[in-house]
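J.: Here is what each chain is made of, one letter per residue.
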Amino acid sequence: MTRIAAPAERRAPWFLALLPSLVVLLLVFGLPLLELVYVSFHPTGGPAQIGPGLTLENYTVVFEDRLFADVMARTVGLGLAVVLCCLVVGYPVSYLLARATGSWRGTAFFLVTVSLLVSSVVRNLGWFPILGESGVVNWILTSTGVIQTPLRLVGNIVGVMIGLVHAELPIMILTLTTVIRRIEPDLEEAAQSLGGGPVAVFWRVLLPLSLPGVISGSLLIFTLSISAFTTPAILGGNRVLIMAIYIAQQFQIVLDYPAGASAAIMLLVTAAGLTWAATRIRARGGEAG
Amino acid sequence: MSDVVFDRVEKMFGDFPAVRQTSFDVAPGEFVTLLGPSGSGKTTCLRMVAGFVAPTAGRILLGGRDVTRMPANRRNIGMVFQSYALFPHYTVAENIAFGLKVRRVGRAEREARVAEALRLVRLEAFAARYPAQLSGGQRQRVALARAVVIRPDVLLLDEPLAALDLKLREELQVEIKRVQSELNMTTLFVTHDQGEALSMSDRIAVMQAGGIVQMAAPHALYERPNCRFVANFLGRTNLIEVEVAGRLADGATAVRAVRGEGGWAVAGAPDQVFAIGERCFLATRPEHVRLGGSPEQAFEGVVRNLIYQGSLWQVEIEGRHGEALSALVGAGDAVPTRGAAVRASWDPARSFLLKAEEPAM
Amino acid sequence: MINRSLLVLVLLAAIGFLLAPIIVVVAASFSGGAVMSFPPKDFTTHWYSEIPQSFYDAIWVSFVVAAGCAAMSVLVGVPAALALRRGRFPGRGLLSAVCLSPLMVPALVTGVALFQCSLVLWDLTGIGLGGTLAGVMLGHLTFGVPFVIRAVIAGHAQFDLSLEEAAGSLGASALRTFALVTLPILRPSIVSGAVLAFAMSFDDVPIALFMGGGSATTLPVQIFTTVQFDLSGDVMAVASVVIVLSLLVIVALSRIAGTDLFFGSKQ
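Chains as they are written, first to last, in numbering that gives the first Met the number 0: chain A, 0 to 288; chain B, 0 to 360; chain C, 0 to 266.
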């Protein structure tokens, strides 16, 4: 009996369909990254030049250069502060949105997330008339006599923090609302029926059950904060030296490409690692829930 | 000439033989059912006829053409899927017109044929609806109309009723059968439901483990299963392990129980030859077993269980040596109590013998 | 349980905080005095007539880049997503991770990498991608393609493959099946991927900053560089136009999604 080649199941040339994407991503993403890695292992050869020979110096600078260590510490500190603010404000809001049943919930959800859909540059502009030296906040504070001289709220790390919290609070709320909605309200009622007060219900029921979501959301926000460039550049007025600003300056002003490249690679590894961890935690939390 | 010929077809999925060398055919206008439990290869057979799965070996002929290597879209088949597979972005009328459109049937004829198909399945009023706006039964009728409107050489039905509830299933059985005979359409039907198979088919092929065990008209299959698998897949059959004792003058065979001292005459026409002394099974349907009767054709035992089935009682009897026998007793007749000693018997013509060995697959 | 009115108060404060800068941008664009000063002096619309030509040019650049990015992303992303969902070839899981990996990399890092690479390309071949529309658009493909792939993969999860078999059984060739069945059913997820690619391209600063410039300056970059030196009412006017435009797009899209043009499933 003759064997027949399977016409219907003949391997569709699926790999060919994937090829254009792979080629495009290799050219616009893979090669540039490799080039960046390559540059990061070379010494600088003067402004905008790459010197000959290989070196690890651009990476070991982390342990030697006080300035760079400060940059990293500032970046991490900023990320932690943003995460904390987003958690403190975001958790109660998410709880309310997750448990709400009224018709206002849709509206509230829209109002909380609509800023995500507005261009990030444009959003940041709005902070100047609010936080500036003759802005709304200072006008209120001085005219009520709380302070005499206006506070500096923009063009420094405070402004950057406010801008980042503004950018990432909706993301935190979206994440937490999904997580809290998955916790059965019955569990809270059960805890109450057993005599638990609001505080006990929060610490013993809500928080432990939403912890995977809290952690993965926090990792995500932290990653976005340390990677952000636009907001720190606008609201920090290029004076708040965090990783992203430092990297951009190496390429635009200092013209030490290898130093910028190695800092960029370090940022990449950190961000990619944290994103990966967040995905893993969310996946595991999903299984458990 | 047959409309569908399945000639020594085999299908391997890797090392797993989904269909072992299998042959059957479907005559023009005939309704043939592939019946079997899941994993028996019946759907794979249907999908090979459709052209979605290529056979590893063998030939498939549709209307005399060898279609073994032909892609599905050139085979001129009509298929109804278990999941309906209605296009969600087209209306009912557009769904039905799809096959005509790709065949480049002119607009006027297309509209006429769609209208006719809608009339056939009695959905004239739903032409402009989308599938999401229809009930399950309506969707399956649209799927049927879509499949027959292209006047296929063969209509393929892949468990079309499995997703519906009992009452709808019965309604659609009648509907499908009516459409099929109205159009005199050659049909190959796949199901795991013996009731559907028995009530709709001209012939049934019972499949198990990738092969056809028996293929016959419904009543022949029911009255004369050729092995224990078929006997129990279509309804229930009492099986008593026996040994052939000798031939009787009227042509019947005398058997005696392997365990215990029962002895019976078996007059059902034998398909196979049984030697004197051969171990085999005496088979008789519960509805042919009655309580009481003559001592020489008797099964003595104790009532272990009584199951009420509305119009009937199912009486489970256990013999002295653990053999089981089930009898159906009309609800109006005398029903024994649990634990009572009873004698059951049956007409020798209503029993037959089955080989101890199942046919090798 | 937990004091509800307190929660409502936090919610209102959060909404106020989130909406404040957006409202203020629009308000400031109508303010006569210096942008940074409060309370506003008087109402004026003259900033809108004083928007410099460079902003109009930048809007056009952004539009071309975003549209090109969305179109290219759909063109290469859709086949890739289908391949990743349906194909059986070794390393499929890994390739799928590779295709989505650019989304894990900070845009600034991608931006400087592209910048660095375009310098090398210039040195080696004399092809200058930096400062061109094509350069910015190629840069934006780093997130456009993964966004489309991700959206289509998600949409494909609910795709019933027997629909394609049904089309085949009715006589449609593979090509017609794709055009008449597969594509229309995947259209919502393709559209949402394309919209996301367009929106992110229209929003991006770091990549457009390092790849663009000159005649290839996108609107966000134009605003970004302008405010580094000077913040005046004309920028607020441009920003207000952007806000109104994006809100219009949001409303239009939710209309489309709400009435569900694609399946007519609304009873």
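Worth flagging that the hints you see were computed from the coordinates, not collected in a lab.
Using N, Cα and C, we set each Cβ at its ideal position, and we do this for glycine too.
Be aware that a few hints might be false.
[Said to hold, decoys possible] Estimated spans, in silico, between C-beta atoms of each pair:
#: 1; chain 1: C; residue 1: Ser172; chain 2: B; residue 2: Phe15; range: 50 to 60 Å
#: 2; chain 1: B; residue 1: Glu93; chain 2: C; residue 2: Ser172; range: 11 to 21 Å
#: 3; chain 1: C; residue 1: Ser4; chain 2: A; residue 2: Leu115; range: 20 to 30 Å
#: 4; chain 1: B; residue 1: Glu93; chain 2: A; residue 2: Leu115; range: 37 to 47 Å
J.: Hint by hint, note whether the structure agrees.
T.: How the hints compare with the structure:
{"no.": "1", "hint": "C:Ser172 x B:Phe15: 50 to 60 Å", "in the structure": "violated, 31 Å"}
{"no.": "2", "hint": "B:Glu93 x C:Ser172: 11 to 21 Å", "in the structure": "holds, 19 Å"}
{"no.": "3", "hint": "C:Ser4 x A:Leu115: 20 to 30 Å", "in the structure": "holds, 27 Å"}
{"no.": "4", "hint": "B:Glu93 x A:Leu115: 37 to 47 Å", "in the structure": "holds, 38 Å"}
In summary, the one numbered hint that this structure violates is 1.
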